[in-house]
Amino acid sequence: MASAWPTGAYAPSTSPSVFDLLPQLSAEEKARFPPTGIGCTSEATSMSTVHDALRHYNAGHPFVQGAEFDAVKPLKEDSVYFKGRPWVHINFWARSCSSKNIKRFFAEVHYEPPTDGRPFSLLPVVEACIILDESSSQHRSSCAFC
Numbered sequence: 017m018a019s020a021w022p023t024g025a026y027a028p029s030t031s032p033s034v035f036d037l038l039p040q041l042s043a044e045e046k047a048r049f050p051p052t053g054i055g056c057t058s059e060a061t062s063m064s065t066v067h068d069a070l071r072h073y074n075a076g077h078p079f080v081q082g083a084e085f086d087a088v089k090p091l092k093e094d095s096v097y098f099k100g101r102p103w104v105h106i107n108f109w110a111r112s113c114s115s116k117n118i119k120r121f122f123a124e125v126h127y128e129p130p131t132d133g134r135p136f137s138l139l140p141v142v143e144a145c146i147i148l149d150e151s152s153s154q155h156r157s158s159c160a161f162c
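Numbering (my numbering), first residue to last: 17 to 162.
The hints are simulated quantities; they were obtained by calculation from the structure and are not laboratory data. Among the hints, erroneous ones may be present.
Restraint ranges, calculated between C-beta atoms of paired labels, are given here [as the list claims (entries may be wrong)]:
#1 S112 - L138: 25 to 31 Å
#2 V96 - P39: 34 to 40 Å
#3 T61 - R134: 18 to 24 Å
#4 E44 - P130: 39 to 45 Å
#5 T131 - N74: 22 to 28 Å
#6 S112 - G133: 37 to 43 Å
#7 G100 - D36: 34 to 40 Å
#8 A43 - R101: 35 to 41 Å
#9 P39 - K99: 41 to 47 Å
Derived SDA-like pairs (lysine to any residue); straight-line CA-CA distance at most 20 Å [stated by the list, open to error]:
#10 K116 - E84
#11 K99 - H126
#12 K119 - P78
#13 K92 - D149
The model shown is predicted, which means the values in this text are computed figures rather than measured ones. Here a beta-carbon is modelled for each residue, glycine too, at the ideal position from N, C-alpha and C.
Using the sequences provided together with the hints, build the complete structure.
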């Protein structure tokens, strides 16, 4: 009996499990890992926000050697509607294309309606996308950006 799920090039794309990534993380990042595995409610939506933020980050650092990153996994996201527009704060892991090290990022993204009037296609506006400093132990229980 054939499987109902698509395979090969049409297989659904998901990010790796947090547990799959644990051996690749620094000791500092492992210490921050929540033991219960609490994560984002909708990984597909979160990954979209992560890709928007990383596109902005990578475009802003074109001349820095090894500054380009690929998305690995969304960690925690919170959103609110302000003046009718969605604003998102998200923490995520991204891997350096040159060194393969995984870094923790924070991003603030809001979405604006398109200027051409197309419905259901909000435009991302990245307010901030930064690498959170691993060596700063003072931020273990709070946001390093705030």
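Results for each hint:
| no. | hint | result |
| --- | --- | --- |
| 1 | S112 - L138: 25 to 31 Å | 29 Å, holds |
| 2 | V96 - P39: 34 to 40 Å | 35 Å, holds |
| 3 | T61 - R134: 18 to 24 Å | 19 Å, holds |
| 4 | E44 - P130: 39 to 45 Å | 40 Å, holds |
| 5 | T131 - N74: 22 to 28 Å | 24 Å, holds |
| 6 | S112 - G133: 37 to 43 Å | 39 Å, holds |
| 7 | G100 - D36: 34 to 40 Å | 39 Å, holds |
| 8 | A43 - R101: 35 to 41 Å | 39 Å, holds |
| 9 | P39 - K99: 41 to 47 Å | 44 Å, holds |
| 10 | K116 - E84 | 10 Å, holds |
| 11 | K99 - H126 | 11 Å, holds |
| 12 | K119 - P78 | 18 Å, holds |
| 13 | K92 - D149 | 17 Å, holds |
This entry satisfies every hint, going by the numbered hints stated previously.
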